Structures are given as C-alpha cells and as structure tokens.
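Trainee: One letter stands for each residue in the lines below.
There are 4 protein chains.
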Amino acid sequence: MTDPDLRGVVPPVCTPLTPELDVDVPSLERLIDFLVDGGADGLFFLGSTSEVAFLPDGHRRQVLEVAVARVAGQVPVLAGVIDMTTLRVLDHAAAARKAGVDGIVATAPFYTRTHPAEIERHFRGVAACCDLPVYAYDLPVSVHSKLAGDLLLRLAADGVIRGVKDSSGDDGGLRRLALAKRERADLAGFSVLTGAELTVDTALRMGVDGVVPGLGNVDPHGFATLYRLCRAGDWNAAAAEQERLIRLFDIVRAGDPARMGPSSSALGAFKAALHLRGVIACPVTAPPQIPLAPDEVERVRAGLAAAGLV
Amino acid sequence: MTDPDLRGVVPPVCTPLTPELDVDVPSLERLIDFLVDGGADGLFFLGSTSEVAFLPDGHRRQVLEVAVARVAGQVPVLAGVIDMTTLRVLDHAAAARKAGVDGIVATAPFYTRTHPAEIERHFRGVAACCDLPVYAYDLPVSVHSKLAGDLLLRLAADGVIRGVKDSSGDDGGLRRLALAKRERADLAGFSVLTGAELTVDTALRMGVDGVVPGLGNVDPHGFATLYRLCRAGDWNAAAAEQERLIRLFDIVRAGDPARMGPSSSALGAFKAALHLRGVIACPVTAPPQIPLAPDEVERVRAGLAAAGLV
Amino acid sequence: MTDPDLRGVVPPVCTPLTPELDVDVPSLERLIDFLVDGGADGLFFLGSTSEVAFLPDGHRRQVLEVAVARVAGQVPVLAGVIDMTTLRVLDHAAAARKAGVDGIVATAPFYTRTHPAEIERHFRGVAACCDLPVYAYDLPVSVHSKLAGDLLLRLAADGVIRGVKDSSGDDGGLRRLALAKRERADLAGFSVLTGAELTVDTALRMGVDGVVPGLGNVDPHGFATLYRLCRAGDWNAAAAEQERLIRLFDIVRAGDPARMGPSSSALGAFKAALHLRGVIACPVTAPPQIPLAPDEVERVRAGLAAAGLV
Amino acid sequence: MTDPDLRGVVPPVCTPLTPELDVDVPSLERLIDFLVDGGADGLFFLGSTSEVAFLPDGHRRQVLEVAVARVAGQVPVLAGVIDMTTLRVLDHAAAARKAGVDGIVATAPFYTRTHPAEIERHFRGVAACCDLPVYAYDLPVSVHSKLAGDLLLRLAADGVIRGVKDSSGDDGGLRRLALAKRERADLAGFSVLTGAELTVDTALRMGVDGVVPGLGNVDPHGFATLYRLCRAGDWNAAAAEQERLIRLFDIVRAGDPARMGPSSSALGAFKAALHLRGVIACPVTAPPQIPLAPDEVERVRAGLAAAGLV
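Protein chains in written order, with numbering that gives the first Met the number 0: chain A, 0 to 309; chain B, 0 to 309; chain C, 0 to 309; chain D, 0 to 309.
Source of the hints: derived by calculation from the structure; they are not laboratory data.
One thing to keep in mind: the hints can contain errors.
Unchecked claim - Simulated crosslink set (BS3-like; lysine-lysine; CA at most 27 Å straight-line):
| hint | chain 1 | residue 1 | chain 2 | residue 2 |
| --- | --- | --- | --- | --- |
| 1 | C | Lys-145 | D | Lys-145 |
| 2 | B | Lys-145 | C | Lys-145 |
| 3 | B | Lys-145 | A | Lys-145 |
| 4 | C | Lys-145 | A | Lys-145 |
| 5 | D | Lys-97 | B | Lys-145 |
| 6 | D | Lys-145 | A | Lys-145 |
Stated by the list, open to error - Beta-carbon label-pair distances, calculated as ranges:
| hint | chain 1 | residue 1 | chain 2 | residue 2 | range |
| --- | --- | --- | --- | --- | --- |
| 7 | C | Cys-128 | B | Val-140 | 41 to 47 Å |
| 8 | A | Ala-257 | B | Val-140 | 25 to 31 Å |
| 9 | A | Leu-308 | B | Val-140 | 40 to 46 Å |
| 10 | C | Glu-64 | D | Glu-64 | 49 to 55 Å |
| 11 | A | Gly-307 | C | Leu-186 | 43 to 49 Å |
For clarity, every value in this text was computed on a predicted model and none was experimentally measured.
All C-beta atoms, glycine included, are put in the ideal place defined by N, C-alpha and C.
The task is simple: from the sequences and hints, build the whole structure.
Mentor: As structure tokens, this is what we get:
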C-alpha cells in the first residue's frame with residue numbers, strides 16, 4: 000500500500016462534526032465504512048469537500064489518525080496538506096507521514112502572489128523534504144492560479160509528483176495530460192484524476208485514471224457502478240448512471256445564494272444528505288459557513304428521493 | 000497597553016531568518032530595537048511583510064514571544080492571525096493571547112469562496128471567542144475579496160473590531176471610513192490605518208489615524224519624520240519626505256519579473272536592505288520565494304544610497 | 000435555411016486580410032470553399048477566431064456580404080454581433096440581417112459591470128428587436144461573466160435564444176444543458192454547441208449537438224471525419240482522430256509568451272497554417288496583435304507536417 | 000484650443016436620452032451650459048459616465064457634433080474612442096476628428112486577452128494614425144488590465160500620449176506619475192488626471208493636474224469650488240467641500256444591488272439627479288441597464304437635499 004498508483008473512485012471524505020464542532024469520530028468511522036463498502040478505490044481526507052480550510056490542525060491530525068486506523072489498509076489513504084506555502088505544507092506533511100497515510104495532496108501556494116517559477120520551486124521543495132508520494136491539486140477557484148500542463152508533466156517526469164487531481168475545469172488540458180501519459184514511457188505510474196463528478200464517463204474515455212467526486216460521499220455506490228460500467232466498456236449504461244448522478248448533484252444548489260456562498264450550500268447539502276441517509280449524526284458545517292435552513296434541507300431530501308436514495 | 004487605540008507609524012515587522020530557515024532571534028531583536036528607536040508608534044508582527052504566509056506555526060509563536068519580550072511595553076504589539084477560516088484563526092489568536100500581544104489582525108476568509116454574510120460571521124466569531132482587540136485586515140490582492148465599508152462600520156459600531164488596516168488601494172473607501180469616524184460618536188476609538196506607504200501624507204490629511212508601511216522596516220526614521228511633519232501641519236515638508244520615500248520604494252522592483260513574483264522581489268528587497276544596513280544577519284526569504292541575484296541586490300544598494308541610507 | 004437547427008461542425012471562420020489590412024476577398028472565398036468542401040455543416044463568421052474584436056464595422060459588413068454570396072445557401076451562415084451592450088449589438092444585428100445571414104451570435108454585455116438581471120434583459124432586448132435566430136455565446140475569458148445554465152434554459156424555453164455556443168470550459172454545465180434539452184419538450188430545437196475543439200467526441204457523447212472549432216479552419220476534414228465517426232458510434236476511431244487534432248492544436252502555442260499574448264499566438268498560428276496550406280494569400284493578423292516570427296512560423300509548419308497536412 | 004494641456008475640472012458628460020432612446024439634444028445642450036457655467040475647465044464626452052459602452056455609433060457622432068457646436072471653444076472638448084482594438088478605435092478617432100474635438104481618450108484593448116507589448120503597440124498605432132492629442136484611459140474595472148506606470152511614462156516621453164485619466168484606484172501609482180512629471184523635463188505638458196472624485200484635494204496635493212469627476216455632472220459648482228480652493232492653498236476649506244461631495248456621492252448607491260449592477264445604480268442616480276435639478280428632461284438610461292424604482296429616486300432626491308442642491 001506504500002505505492003498506491005491511484006485509480007478508480009477516490010471520494011474526498013466529508014469531516015463529520017459534533018454540535019460543539021469537534022470531530023465526530025463515530026460518524027467519521029461510519030462514513031469511512033460506508034465509502035469503502037460502497038466501492039471506493041481510495042479515500043482522500045482533508046480535501047476541499049472535507050472542509051480542510053475550516054479545520055484546525057488538531058482536527059486535521061485526529062481525522063488522519065481515525066482514517067488510517069479505520070481504513071486499515073483496505074484502500075489507499077491520501078491526505079490533503081492544504082496551506083499557503085512550502086514550510087507550512089511541510090508541517091502538515093510531517094503530521095500526515097506520522098499518521099501513516101499513503102500519499103499527500105498539495106496545491107500551489109496561495110494568499111501570496113505567485114510566479115510559475117515559485118510554484119515549481121514549491122512542489123520540488125515539498126517533495127524533497129517528504130518521503131511520501133505527492134499529488135498535485137489543481138484548484139484555481141481556491142488557489143487563484145492554474146497549474147500549467149507543461150509544469151505538471153515536467154514534475155511527473157522528474158518523479159516530483161505521482162499524480163494530479165484536476166479540479167480546474169479545463170477538460171482540454173486534462174485530456175492533454177492523459178494523452179501525454181499514454182504516449183510517454185517516463186510518465187508510467189502517473190495518476191491523472193479528475194475532480195469533475197459530472198463528466199466521469201467522458202473523462203475515463205479520455206484516458207483519465209480516476210475521479211475524486213465530492214458527491215461520492217452521498218452515493219458511493221453510484222460512482223462505483225459508474226466506474227465499473229466504464230471499465231467494462233458499457234458506455235450507454237455508464238451515461239445513464241452518470242446522468243442520474245448529475246440530477247442528484249443539484250442538491251448542491253439547495254442553499255439560497257442570497258444568504259450564503261457556494262461552499263456553505265454544497266458542503267451543507269452533502270452533510271445534510273449524509274445525515275438524512277443515517278450515516279452521520281449531525282449535519283453541522285464549520286464556521287463561518289451558513290447552515291442550511293429547514294426548507295433547504297427539504298430540497299436535499301427531495302433530491303435524494305428522486306435519486307432513489309431515501 | 001491593553002487598550003492600544005492605535006495610531007501613528009506601525010511597521011509590519013520583517014521576520015529575519017537564518018540560512019537554515021529558523022527564526023534569527025538576535026536579528027529580530029535588533030530589528031525591533033531599530034524600529035522602536037526609529038520612532039515606531041506600534042509594531043505589527045506576522046503581517047504580509049513579515050512573510051506570515053510562509054512561516055510555520057512554530058516560527059509564528061517564536062516571533063511573538065521574542066516580540067513581546069523585546070518590545071517590553073514600549074509600544075503596542077499587534078499579531079497577525081492570518082489563516083483561512085474561523086477556527087484556524089482562533090488557534091492563532093489563542094497563541095497570540097498567550098504570548099501577550101495587545102491586539103490581533105485578521106483577514107476575511109480565503110481559499111474558500113466567501114459570501115458577505117460569511118465574512119461578517121467570521122469576524123463576529125473571531126471576536127466573540129478571543130478577548131483581544133481585533134483589527135480587520137483588508138487585503139484583496141491576497142484574500143480575493145474586499146471588505147465593504149458598510150460592513151466595517153457596522154462591526155466597528157458593534158465593538159467587534161477596533162480598527163482596520165486598509166491595503167485595498169481604495170482611497171475613496173478609506174476616506175469614507177475616516178469621515179464616518181469623525182461624524183459618528185459610536186465610532187470613537189476606531190483606528191483607521193492605511194497600508195499604502197506612498198500616500199501617507201494625503202491619507203493623514205483625510206483623517207486616517209496611521210500607517211502600516213512595509214518600507215518602514217528599511218527607513219523607520221523617514222516614516223516617523225513624515226508622520227511628525229504631518230501632525231505638525233507642515234505639509235510641504237511632509238510631501239518632500241514622502242517623495243523621498245516614494246523614490247526609495249522603487250527597490251521593491253529590484254527583482255526581475257521574468258524570474259520571480261512581486262512578493263519575492265519586494266520582500267527580498269526589504270531584507271536585502273536591512274542586511275545592507277547592518278540590521279539583520281542574513282537576507283534569506285522563506286521558500287518558495289526566489290532569492291535576489293547579486294545584480295538585483297546592487298539595485299537595492301543603489302536605492303539606499305540615493306535615499307541617503309548607506 | 001431560415002430555420003437552421005444548428006448541428007455538426009461549424010467552424011468560426013478566420014478573416015483573411017491583405018498586407019494593407021483590408022479584407023482579402025479572394026482568400027476569404029477560397030477559405031469558405033475549403034471549409035464547405037471539407038465538410039462543414041455551418042459557418043460562423045465574426046467570432047473570436049475571426050478576429051471580430053479587431054475588425055472595424057466596414058470589414059464586418061464586407062465579410063458578411065462575401066460570406067452570404069459565396070456560401071449561397073449550401074450551409075447555414077451565422078454572424079457574430081459582438082459588442083458591448085444592447086443598442087450597439089442591435090446595429091450589428093441589423094447589418095447582419097441586411098446581409099442575409101441565418102442567425103446571429105451575441106455575448107453578454109462587457110466593458111460595463113453587469114448584473115444577472117442586466118444580462119437577461121440584454122438577450123431579451125436583442126431578440127425582441129431582431130427577427131433572426133439568436134445564439135448565446137458564453138465566453139467568460141473575454142466577457143468576464145459566465146452565462147448561468149438556468150438563465151440559458153429560461154431564455155431557450157421562452158424562445159429568446161435558439162442555441163448556445165459554450166466556450167466557458169465548464170463541461171459539467173454543458174452536460175446539464177444537453178441533459179435538460181433531452182428531458183424537456185419545450186427545449187426541442189435548441190442547439191447546444193461547444194467551442195472546445197479538444198473534447199469533441201466526449202461532448203457529442205454527452206448529447207451536445209455540434210462544435211465550433213477554431214482549429215477547424217486549419218483542418219476541416221479532420222473535424223468532419225471526427226463528427227462522422229461519432230455519429231456512427233465508432234468511438235475508438237473518433238478518439239484517435241480527436242487525439243491527432245489535439246496534437247495539431249499545439250500550434251496555438253507557436254508564439255513566444257514573453258513576446259505576445261495568447262490571441263496573437265493562436266490566431267497567428269491559424270492564419271500561418273492557412274497560408275502554408277495555400278488557402279489564404281497573407282497570414283497577417285490585425286493590430287495590435289504581434290506577428291509570429293519566422294522560427295515561430297516554422298513551429299506551425301512542423302505541427303502541420305506531424306499531422307499530415309503539408 | 001488645439002493644444003489643450005488639460006487641467007482642472009473636466010467632467011465626463013452624461014448623455015441625456017429621450018424615452019425613445021435617441022440623444023436628447025436640447026437636454027444635452029442644457030447640460031453643457033450647466034457644466035461650463037458651473038466652472039468646468041474642459042468637457043469629456045463619450046466616457047464611461049456618458050454611457051459610451053451603451054451608445055451606438057450614430058449616437059456617438061451626434062453627441063460630438065452637438066458638443067463641439069455648443070461648447071464653441073469655451074473649453075477643450077475631449078472625446079472617448081472606446082472600443083476593443085486598434086482599427087475600431089481609429090474609426091471612432093476619425094469621427095471625432097471630423098467633429099472637431101480637441102483630443103481623444105482611449106483605453107487598452109479589451110475583450111481580447113492582451114499582453115503588455117500589445118497594449119503598447121495599440122497606443123502607438125492609434126497615435127500614429129490620428130493627428131489629435133491622445134489621452135490614455137486607465138480603467139481596469141472595465142478593461143481588465145492595468146496600464147503600467149513605466150509604459151505611460153515611456154509613451155508620454157515619446158509624444159504618443161498627451162495625458163492620462165487614471166481611474167485605476169492605484170493612488171501610489173498615480174503619485175509616481177505626478178512625481179515623475181515634476182522631475183523630468185521630457186514630460187512637460189503631460190496631463191495627469193484622476194477619475195477619483197472622492198480624493199480630489201489630496202490628488203491635487205500630490206501634483207495631479209485635474210480631475211474627471213462623474214459626480215461633476217450633478218454638482219459642477221462644487222467641484223469648481225473645490226479645485227479653486229486647492230489651487231489657492233486653502234486646504235481646510237477644500238477638505239470640507241470635498242467631504243460635502245463625498246456625502247453627495249452616496250447617491251450612486253441608490254439602486255438596490257439585489258436588482259441591478261453598479262453601473263445601473265450610479266448612472267441612473269446621476270441622471271435622476273440631473274432630472275430632479277431640472278437640467279435634463281428624462282432620466283432614462285440605455286439598455287440593458289435597470290431603471291431606478293421610485294423609492295430609489297427618492298434616495299437620490301434626499302441626497303441632493305442634504306447637499307443643498309434642491
């Protein structure tokens with residue numbers, strides 16, 4: 000398990016909290032079981048969907064300890080090490096290493112204004128000081144810079160990164176990565192994962208290795224089925240399953256945009272759904288996110304019902 | 000000193016590092032003395048100019064401990080608590096409280112996409128759980144959202160924030176704040192500080208209370224003189240001193256923009272200048288910033304010479 | 000031909016210019032023939048790839064007159080009416096109507112800061128005063144706002160727009176449009192076109208109706224083949240052809256990014272390729288675009304050679 | 000008058016429209032008289048405040064014809080030539096030349112993604128083909144790029160541009176321009192104008208030559224008084240007048256931001272104010288702007304009353 004060569008469905012795991020905003024360990028353990036039993040091929044803790052930006056370091060450490068113990072080697076465990084720059088990321092990487100994860104996931108620097116040379120230096124610096132596989136996380140909506148395809152390929156060829164999670168929305172760029180991987184021997188073992196849960200079947204057709212679907216928390220079985228259908232080449236059935244999941248995804252718009260931002264709405268909806276499905280004990284999200292109102296939770300319930308999940 | 004009512008020149012203090020990237024305590028102590036002796040009215044540690052985004056939590060704590068001990072009550076000490084969201088900020092606030100600072104400086108949430116209601120909830124949440132004066136830090140270039148003037152005034156009137164450091168570049172908005180403060184009794188004691196070191200005299204004319212000049216690390220005496228001239232109403236002499244400092248500020252462009260970003264260039268130049276002036280032992284900046292090349296350091300030296308500082 | 004129900008390959012036609020920056024009519028006629036003979040299902044004049052932002056109104060009118068005469072009803076002719084706001088767009092729409100085109104393509108307002116209600120009012124205002132089918136052009140990189148999926152569906156259901164050209168890069172959103180169209184009877188006849196030339200096969204799998212490929216100027220036969228293979232369900236052969244076109248697309252990076260912007264590079268490369276293929280007489284682009292240097296043109300030639308086109 | 004050497008108060012003149020959206024010539028003439036009588040030192044037609052982005056070319060031409068005839072040489076007349084790229088701008092410049100204006104005002108290219116080299120080529124191309132003084136318009140909020148100070152100084156020294164209207168909000172940059180002008184003989188005659196109507200007194204202290212205040216439509220006498228007080232060195236009286244105008248400026252927030260964008264609100268408020276003051280016959284703004292509701296117009300009236308203007 001120290002060499003994950005990551006592929007398949009790798010949900011970014013929600014972080015259940017108690018009403019007092021502590022990590023809800025029993026709920027987290029139930030969620031892990033739910034996802035592994037649901038067919039996840041790997042689990043990504045401390046990603047955006049995990050509210051990593053909202054969790055203090057103590058919470059982060061606890062999540063990883065629970066994760067490694069509960070997963071117990073059934074699937075690879077990845078840990079987000081999301082922070083502003085190199086030395087801070089390395090602190091998280093050391094904690095993740097100590098917890099026993101199989102790989103870490105790092106973004107470009109943020110908060111500071113970055114230059115491409117600084118982004119490259121950052122990934123090389125993280126990888127050099129951390130003996131875990133490093134996955135690059137391309138998330139311009141949060142980080143405010145895009146990881147250039149040529150940079151990713153160079154870092155991959157040099158063994159700096161083992162894969163990429165692409166949440167940039169640039170499907171042409173994603174396909175260039177997948178194509179380059181197929182054509183170049185020096186990129187063997189490089190994992191190209193998409194964060195786009197609405198285009199899994201088409202991404203897999205392009206040659207992508209797997210998906211990191213936030214919605215996979217709510218319906219892991221659906222994503223596992225979708226992945227299996229794609230691998231079996233049953234593209235029409237895959238498209239039908241994908242379309243069912245697209246309709247389900249509308250729950251992310253449950254929250255009123257006049258009252259809250261898209262993170263509050265989407266993460267609130269995922270947690271409300273997990274609560275409604277009986278997986279977690281409490282749907283609370285971390286501050287300063289705005290909680291869903293009762294009628295907004297009803298919209299989540301209706302979405303689950305339409306997708307056959309309650 | 001627990002009630003700073005901040006005004007005057009409050010430099011955001013650089014964080015000297017050793018070649019091994021540890022906090023260089025003797026250099027930091029010399030820099031503190033240099034700034035206090037130079038006439039600083041307060042010191043702001045762990046701001047952008049302090050490379051706060053680049054410093055691990057251990058470094059942050061050490062900086063504050065050294066700061067409080069060395070300043071020893073001569074001037075107020077503010078601490079940046081820069082992090083993505085509420086609970087993470089509160090961890091920094093607790094460390095700052097323990098270190099004994101006089102106030103904390105917090106931005107809006109970042110990395111996550113925020114809504115105005117979430118920004119307000121964030122500041123109220125930070126203030127409610129932290130018995131230190133809170134200053135809002137408006138820095139859209141890093142945080143990617145602007146603190147609305149009406150929000151700041153509402154938070155000030157409610158006692159949530161004690162002041163604002165405005166690095167937004169919106170001088171019309173800054174003036175509206177200063178004007179509102181003058182007109183409204185419920186805003187007494189609210190400090191309006193500008194981060195714009197090139198327009199200190201005009202900002203003070205508008206009614207701003209003080210300035211947080213990154214360049215103040217390099218020439219604290221200049222900013223103290225400028226402030227004193229403004230307070231004395233000697234606006235022509237103030238303008239001349241301001242213009243000398245504007246020319247000196249050109250050192251921030253010492254680094255080649257084809258090789259590095261603006262943070263590497265500006266922070267590298269400030270540290271190179273402090274090194275050339277004999278204040279700090281080593282000009283290194285934290286990774287992934289790109290170091291200045293020798294010819295770039297020469298540009299800094301030339302700028303210092305032209306300003307009469309070497 | 001007054002009811003295009005647009006589908007298939009609809010290249011955005013380059014605008015050949017003389018060295019004196021006039022419209023090069025014989026080259027434009029040759030290009031039109033090249034594209035129609037190459038299998039284009041429609042032609043889109045005065046789009047971004049046509050340098051519409053660079054063409055004075057006289058050039059725009061002349062292009063449409065040549066286009067309508069030369070196409071002579073073989074395929075539908077669309078005309079971009081790209082301008083800042085409603086009344087200016089209506090002037091272009093009147094000229095397009097007079098020239099005899101089959102439909103117009105309009106963006107959201109730009110230059111002015113827009114609100115969603117203003118974007119909706121804009122499309123309704125354009126459609127109400129113009130008796131031609133209106134296609135919405137979603138191009139956030141130029142317009143700096145995204146057309147929301149719900150807005151597009153509402154405008155389509157109300158008969159305001161007949162289709163959309165999506166160059167937003169949001170493939171999840173594109174798929175939601177295609178899915179909604181399939182599920183809702185009131186959206187029959189609504190054309191969903193993608194501007195993403197690197198993901199044509201996967202977009203068609205999602206249910207998209209066609210593609211508007213800038214690269215289709217250079218290799219119309221390739222895109223026609225790709226489209227035909229997709230429609231025949233030969234997805235593996237389609238993927239291979241798509242991948243050949245992805246490699247060819249690298250010519251858009253022929254220009255040195257230190258010397259020029261991405262428009263200069265990409266439009267310069269398309270025109271250089273058309274010149275090298277003998278279709279147009281002169282590869283000049285309109286000012287202030289930077290011309291490709293000889294070694295950059297050689298990169299284009301090498302890309303054409305690798306794709307079997309020279 | 001062919002050599003304006005522009006300074007003082009230069010309002011960007013609103014464009015009165017009839018209910019049918021034609022140019023309301025008698026109202027425009029009254030507005031011109033109102034501004035000249037109110038003490039304007041120049042008039043800028045077809046700027047952002049003039050709704051230039053909303054006006055078809057026929058309206059633009061008519062505005063300039065009326066302007067030149069009505070102003071009749073009393074003050075310099077500038078014309079905005081706002082369009083996407085060089086050739087389109089040159090068409091507007093030719094029309095402005097024919098109308099007899101004293102200078103033109105051009106932005107960087109927009110809609111297309113620009114590179115600094117392309118921006119420079121644009122201004123040089125416009126100036127080379129147009130024998131009128133060219134003023135650069137720095138408006139990042141609309142154009143999405145900032146005119147670099149070094150570029151402006153180079154263009155000024157080379158005689159390409161005669162001045163700049165800075166609406167970038169970068170007061171440090173503005174001051175560097177003013178300082179450079181004072182220090183360099185080759186910049187004599189270069190006009191540095193600010194578009195920031197809330198900081199006129201402080202900008203003039205920095206050495207700026209004049210202001211282009213949108214609010215100057217509503218209260219030209221106030222801005223003329225402010226300018227005169229500054230030139231007389233009566234800075235305290237100037238600050239008081241500036242602060243009265245800052246309070247008046249709050250009318251730009253009359254429109255509900257949930258219903259409309261900031262252009263609709265601000266331009267609607269200026270026109271409502273001119274209507275309430277009896278200067279123009281109809282407060283309509285061009286589509287797709289959202290009209291102010293009656294209660295929003297009442298807010299404008301209250302603002303005027305508080306400023307002593309009705």
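Trainee: If a hint holds in the structure, say so; if it does not, say that too.
Mentor: Verification of the supplied hints:
For the proposed pair C:Lys-145 and D:Lys-145, the alpha carbon gap of about 22 Å is at most 27 Å, so the pair holds. Proposed proximity of B:Lys-145 and C:Lys-145 is supported: the alpha carbons are some 21 Å apart, at most 27 Å. As the CA atoms of B:Lys-145 and A:Lys-145 are separated by approximately 22 Å, the hinted pair is consistent with the 27 Å bound. Among the hinted pairs, C:Lys-145 with A:Lys-145 is consistent with the structure: their alpha-carbon atoms are about 18 Å apart, no more than 27 Å.
In summary, the hint linking D:Lys-97 to B:Lys-145 is not supported, as the alpha carbons are separated by about 44 Å, beyond the 27 Å threshold. The hinted pair formed by D:Lys-145 and A:Lys-145 meets the criterion: a straight-line CA distance of about 21 Å does not exceed 27 Å. Here the CB-CB span from C:Cys-128 to B:Val-140 is close to 42 Å, well matched to the stated 41 to 47 Å. One distance hint, 25 to 31 Å for the beta-carbon pair A:Ala-257 and B:Val-140, holds here, with the actual separation near 27 Å.
With their beta carbons about 43 Å apart, A:Leu-308 and B:Val-140 fall inside the hinted range of 40 to 46 Å. Judged by the Cβ atoms, the range 49 to 55 Å given for C:Glu-64 and D:Glu-64 is violated: they are separated by roughly 29 Å. One distance hint, 43 to 49 Å for the beta-carbon pair A:Gly-307 and C:Leu-186, is violated here, with the actual separation near 25 Å.
When each numbered hint is compared with the structure, violations occur for hints 5, 10 and 11.
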